[in-house]
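For the record, the sequence lines run as chains P, D, W, X, H and Y. Position one of the first sequence corresponds to residue 0 (numbering that gives the first Met the number 0), numbered consecutively onward. Position one of the second sequence corresponds to residue 0 (numbering that gives the first Met the number 0), numbered consecutively onward. Position one of the third sequence corresponds to residue 0 (numbering that gives the first Met the number 0), numbered consecutively onward. Position one of the fourth sequence corresponds to residue 0 (numbering that gives the first Met the number 0), numbered consecutively onward. Position one of the fifth sequence corresponds to residue 0 (numbering that gives the first Met the number 0), numbered consecutively onward. Position one of the sixth sequence corresponds to residue 0 (numbering that gives the first Met the number 0), numbered consecutively onward.
Worth flagging that the hints you see were computed from the coordinates, not collected in a lab. Note that the Cβ used here is the ideal one computed from N, Cα and C, for glycine as well. Some hints could be false.
[As the list claims (entries may be wrong)] To spell it out: a stretch of chain X is covered by chain P in this simulated footprint if at least three of its residues, at any positions, have a beta carbon under 8 Å from a beta carbon of chain P; those stretches are:
#1 93 to 101
#2 107 to 118
#3 163 to 172
#4 220 to 233
6 protein chains.
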Amino acid sequence: MVLTAVEKAGILVEALPYIKQFYGKIIVVKYGGHAMLNCELKEAVLTDLVLMKYVGMHPVVVHGGGPEINKMLKRLGKESSFVNGLRVTDAETMEIVEMVLGRLNKEIAALINRLGGRAVGLWGKDASLFTAVKRPGVVWSADGIKIEQDIGLVGEITTVNPELLFSVLKQGYIPVVAPIGLGPDGEGYNINADTVAGKIAEALGGDKLIILTDVEGILSNPQDKHSVISKIKVGEIPAFIATGKISGGMIPKLECCRAALEGGVKSAHILDGRVLHAILLEVFTDEGVGTMVVP
Amino acid sequence: MVLTAVEKAGILVEALPYIKQFYGKIIVVKYGGHAMLNCELKEAVLTDLVLMKYVGMHPVVVHGGGPEINKMLKRLGKESSFVNGLRVTDAETMEIVEMVLGRLNKEIAALINRLGGRAVGLWGKDASLFTAVKRPGVVWSADGIKIEQDIGLVGEITTVNPELLFSVLKQGYIPVVAPIGLGPDGEGYNINADTVAGKIAEALGGDKLIILTDVEGILSNPQDKHSVISKIKVGEIPAFIATGKISGGMIPKLECCRAALEGGVKSAHILDGRVLHAILLEVFTDEGVGTMVVP
Amino acid sequence: MVLTAVEKAGILVEALPYIKQFYGKIIVVKYGGHAMLNCELKEAVLTDLVLMKYVGMHPVVVHGGGPEINKMLKRLGKESSFVNGLRVTDAETMEIVEMVLGRLNKEIAALINRLGGRAVGLWGKDASLFTAVKRPGVVWSADGIKIEQDIGLVGEITTVNPELLFSVLKQGYIPVVAPIGLGPDGEGYNINADTVAGKIAEALGGDKLIILTDVEGILSNPQDKHSVISKIKVGEIPAFIATGKISGGMIPKLECCRAALEGGVKSAHILDGRVLHAILLEVFTDEGVGTMVVP
Amino acid sequence: MVLTAVEKAGILVEALPYIKQFYGKIIVVKYGGHAMLNCELKEAVLTDLVLMKYVGMHPVVVHGGGPEINKMLKRLGKESSFVNGLRVTDAETMEIVEMVLGRLNKEIAALINRLGGRAVGLWGKDASLFTAVKRPGVVWSADGIKIEQDIGLVGEITTVNPELLFSVLKQGYIPVVAPIGLGPDGEGYNINADTVAGKIAEALGGDKLIILTDVEGILSNPQDKHSVISKIKVGEIPAFIATGKISGGMIPKLECCRAALEGGVKSAHILDGRVLHAILLEVFTDEGVGTMVVP
Amino acid sequence: MVLTAVEKAGILVEALPYIKQFYGKIIVVKYGGHAMLNCELKEAVLTDLVLMKYVGMHPVVVHGGGPEINKMLKRLGKESSFVNGLRVTDAETMEIVEMVLGRLNKEIAALINRLGGRAVGLWGKDASLFTAVKRPGVVWSADGIKIEQDIGLVGEITTVNPELLFSVLKQGYIPVVAPIGLGPDGEGYNINADTVAGKIAEALGGDKLIILTDVEGILSNPQDKHSVISKIKVGEIPAFIATGKISGGMIPKLECCRAALEGGVKSAHILDGRVLHAILLEVFTDEGVGTMVVP
Amino acid sequence: MVLTAVEKAGILVEALPYIKQFYGKIIVVKYGGHAMLNCELKEAVLTDLVLMKYVGMHPVVVHGGGPEINKMLKRLGKESSFVNGLRVTDAETMEIVEMVLGRLNKEIAALINRLGGRAVGLWGKDASLFTAVKRPGVVWSADGIKIEQDIGLVGEITTVNPELLFSVLKQGYIPVVAPIGLGPDGEGYNINADTVAGKIAEALGGDKLIILTDVEGILSNPQDKHSVISKIKVGEIPAFIATGKISGGMIPKLECCRAALEGGVKSAHILDGRVLHAILLEVFTDEGVGTMVVP
């Protein structure tokens, strides 16, 4: 479809209030899923970030990398066991995780640079950006007793030292962050990327946390893809989870949004990363493409 | 027509290369004609400027005000004589010019502020922003002899002191400039607004000079409104004027563009101010809506 | 009279403690009355401001313009009615007010620039410097009932945004402010200049408010011009006004001083603007030329 | 051996002239070989860097990683062919190179952070730090004809953009650089780490280039480990190489030193990385532990 | 004894934690006694200060000069009387004190400059660095009644204005301070140098106060030079003094340390200035060479 | 005589053009002679400097101290011999010179501080402010042969390192400089104060050099005190000296002015320091009180 010049102008003008609203604000984007695997989606996401940077916002990217890790483990003939959804990460597995995420991290930076932004790839190991400790795996015995299990180098964040991020943001760069935390002895810990994004948003005093997913958003009826809840108050989340209507995979994401808001982030968004330019539409237009969590 | 989300996103993405290109650049806009009289056009022009400011450009506005001056002179029963197209400006007329432009100048600033920008209304009299000397009127006698005539307080620019503009731009304001120069004894001089815009663009090391007019652009055939020349090299201007194909009113505008380019401005544009968001389309899209003068 | 070199030196040395005392301090001067009409007085006032700036103080000028407005209204055959001393200001009158004050504002700036300072002429419309809302006129019915009347675009200040003034002061400029406030819809409001000066002094954390008048100061006996009260405590003002000894025109000026002191300004001065260099004498010497309000 | 307090003091005092000399200077260290494999040596090298940073120098580390790459390739059953000493690097091999170096890079950063410094791990892909193009492999046919061969993603540096490094250094961080260049399409290129160190030293206006090796230095007699040449002028290098007395592996290192000095670096050093604290001894004491190239 | 390279390196590495600990911290050193008379000790002390400056600490020196003052007084045939240990300082004596200390002060600065630091010699008279008032001498009559006596220009500090010191420190200089305070009429007052050092440490928010003495430290048994108390808590000082075990000359020094700690200084040290590089050993190594007062 | 308020104002206004002219300029004053001995003159000179500082100039004082040195030498029974007008300065004499000037230097600083300025007393020994080498004494034998003689620690300036002065000026202090240069081994050299003033004016890029003397200025007729030459061009000085009309003592002062102008100082002034506020009259009024050397 060919747009007239005036229609084009109208779109740009529609963006103005959003540009004003988020001028100088920090927006943390958890980048993962399809949006990372599909080339067209990938370029769209990263272009959105570059655009945000140019119009005065400060995007920060935190990415995952599960599928690539799986591929590499498979190639090396390494099998994984899981405890309550968390991969048991022995030292050898962790080495693979670091290698795969490390490469991916710089690849994202390179692509942003190619699209006209200036990005720097960082981990928790850089200037102790975020530190972590071992996190126990939890299983329940047949008679409902909680049993902690050693699941290896799976970590949870203890501190975020945002100084390096602030300095990098101030110099005009887009930080690209891999979810590997720095352990007490310099070892790496594998951390959930949603959590890293939330904690960083909190530590930076971020305005928005955006989590890209492979679903339409939070559904009021899990069977109906058109039942997206476009807005939910942070206080309503526990009750909503308690209804059992939410799919299992969404619970931690919603909890992560809740934690971020309780930590001072102004709003959190669970977006459908399969939609082209979902971030841009969320940030620059009146269009809603997912679920927004507000205070 | 309703645009889809993806179409909207496409427009924003199309703007990115232009945002990058003009990031931190100074763009001087001569604002006048219909775009100043029609309310919808006025709001569109000033919105474009606010948008430019937010995405990192530094717009400077120079405005005229002929119709309002005429209205006020008429109301006061004051008649004007003209010498070769220049109004003979006695002290009383000059007082009216200053009053009318002074009010208009702040009205534009107020409107920009209301639209979300922050504007400051300035004249040549502020911090000696631009100084002027008397300019003679020129007529030709029947036998082709050039005769200089006193046409009063019509001036030509002697110096531009851009320090105040730089300081205002750096602090995030949009300067709105009225074309009244400071004379040697503190008196005001009425100066052609196109010229003021050109000289200021030059003094600021501007990237672009945009002149809003009430025509489609420079026409290769003055009788054919569809014959707009979309691009002309500065070196071709004298020859083009010599063809006689250009309408009288356009000659000084084209000369003004030429002077600006010779003074270091990267490009100059004669745009149709009657088109909604003409500036925005020129600066942010591939659409051409007038004539561009390039080196 | 010819002064010896040593006498000259003595005067300069006498100024030193005052220069020290007000170094880096903001001094707001309400400029109006004879000091604005008489050429010699005008040059003296503005020279005083330039001198203050050079020796490290930060003068800010707020000016009125009643006589010039009256002249222009008369010329346009426009008559004014008054409600309790406030001119009923319809849209047409307001247009004249803006035109006249706008011109005057830049004329003062130009004169300061010619005297060696660097001045910038500003209104409430510049960067929303001060905003205003409609103020009702008040009359009393025969039986003493207060009746509010619509007196048009007469305003009272709602907010002062001193950022632009601070930025201009810091860059070495003298701000010259016309008392036109920015209304909610971008329209201008006519505001009492004494009040504007007081509010600006307060918003800037000013050290001194100086109001130039056409009288000797506050007189303890209105019939005796030699009965100037040289100092009055802010707390004594209500009682003094209650004595009825003060002339009607002085009451609002005194109230304005009181408000400024209550807003944190260190001292306020009602000076005789008909005395050459009255400001300079007040600021740089032991001479008192009017009434000083102290905490 | 127990040192007396005075002996300890003497050592610190001996360091003072060196601290003064290199205060604020940039020193680029190519880190590789045994010093990277042996834990004690590793900790000594990185401690030296932290010490340098604290006493006002600006160390920059560039590291290799050959042995780890080989190990990983072997594990994946991937065999390498070589052309004139350069590994033929197909896309799959390059992926391994990026993964291994990426992990190593952050491990070094983490260790520096644990030792009390603050390090940031960077590649050519971060903010286009250094860009590269494909480099041909060269073989000679039996009859001495030079034949260029495609050896895959082996690159040579085209530009270094030191802005990110300067910004990181200025903020107090130690940059740790992996030798992966950014190709024209965002792909990575494997570059010789010595060359990267030399080019970065040059681009940063570095004072010293230090190359850690697994030999005593440049030997005047390759058979005699005690024949280390402690100082050689850059102009003498070609003649020295022509003597054929230098071992093959040292030639490119010496050439790299030569290029750095021709690019403005003040001195270059080939040190024995097997000596504990070799860098520290070179920088802070009168001891020579290798070969120094001087202008 | 000849140290091996590795031993040398070890010493430097041992210093690293101390360098880190005191990075950017202010350390005030009272310099006097033997360390000022013996050439080798003098050079060692000043070298230690230069070294501290280069590795990022901010040393400030306060010096005495008793012996030189005595020598000059003797030479001028001027005799001193004492009241309770304080020299009765008439105007003529004070003139000598100022002359001798003034010369000494710049000599120390010159020597620091020669050793590679950059020092500036300052008194209380510079920019009112520290002001003083007359301090009475106190004697006790036979029957234990306290009698105040006029002992001339002996002063006690009233205020410290650290602005000049902060500015000098920030520019990279080492301030060298003579203990002459500025009296209310511009006259100088002779002040105890320990006290000046303590007050300056306090006013600067110093981290450490170091007092160089001619004894081993505070002894638990005044007859046993090996009974140095290496650490004492500030709260234990009064009780310790009450035991009477401390020699008379040490009491004011210990009191001075106590005052400094109560004023916020982190630790105070009474060091044996007769030990070469005593300061350096204290600051950079694990060696203790005196008594440390801690909170 | 009692001045009216208006007369006072007139003087202040007369100063304005001078304040403007020297705003931000460096003015070096050689302070000595009667103006240093007489209390009233002393206070007047230092008040002038404080006033200059407050109105935006940057005065720097260089002082002598001959009479005080003589007094002290006499008191110590030390006799001086002279070679061609230069005192033979043995080490013992130099010690006295340093003591006397050192005390005087801080006394001047203290007095400036008391008068409301902020002064810092400095020598060549502070941060190597100015360095010196030994200068030979010159005598002529009976038959006109030039003979160099050792006159001890009399020096001539080799370098001026103005960094400390710039830093002190920028922070708002008035530097007070004693003419003692730093010798190669840290020893002091006695240098002519006029020369120090001239060299410092040159090194700072000063605008004016003012030398206070005890005469009316340069006289065209040495016998006639009313024959002061108010202005002389630097190029005319050699010819004027050749006329022999100038008194011996004035020749080096005039040469010193000449050197300063050749080194870039804009003007030099030989003023009569016996006139109250001579500096202030020179800098702030139209009055001439001595001889001005112009380019």
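Verification of the supplied hints:
With 5 residues bearing a CB less than 8 Å from a CB of chain P, the segment 93 to 101 of chain X meets the requirement of three and the coverage assertion stands. Under a criterion of three residues with beta carbons nearer than 8 Å to beta carbons of chain P, the stated coverage of the segment 107 to 118 of chain X is upheld, 7 such residues being counted. A stretch counts as covered by a chain when three or more of its residues have a beta carbon under 8 Å from one of that chain; for the segment 163 to 172 of chain X and chain P the count is 4, and the coverage holds. Closer than 8 Å: that is the beta-carbon criterion, and the segment 220 to 233 of chain X has 0 residues meeting it against chain P, so the requirement of 3 is violated.
The structure shown violates just one earlier hint, number 4.
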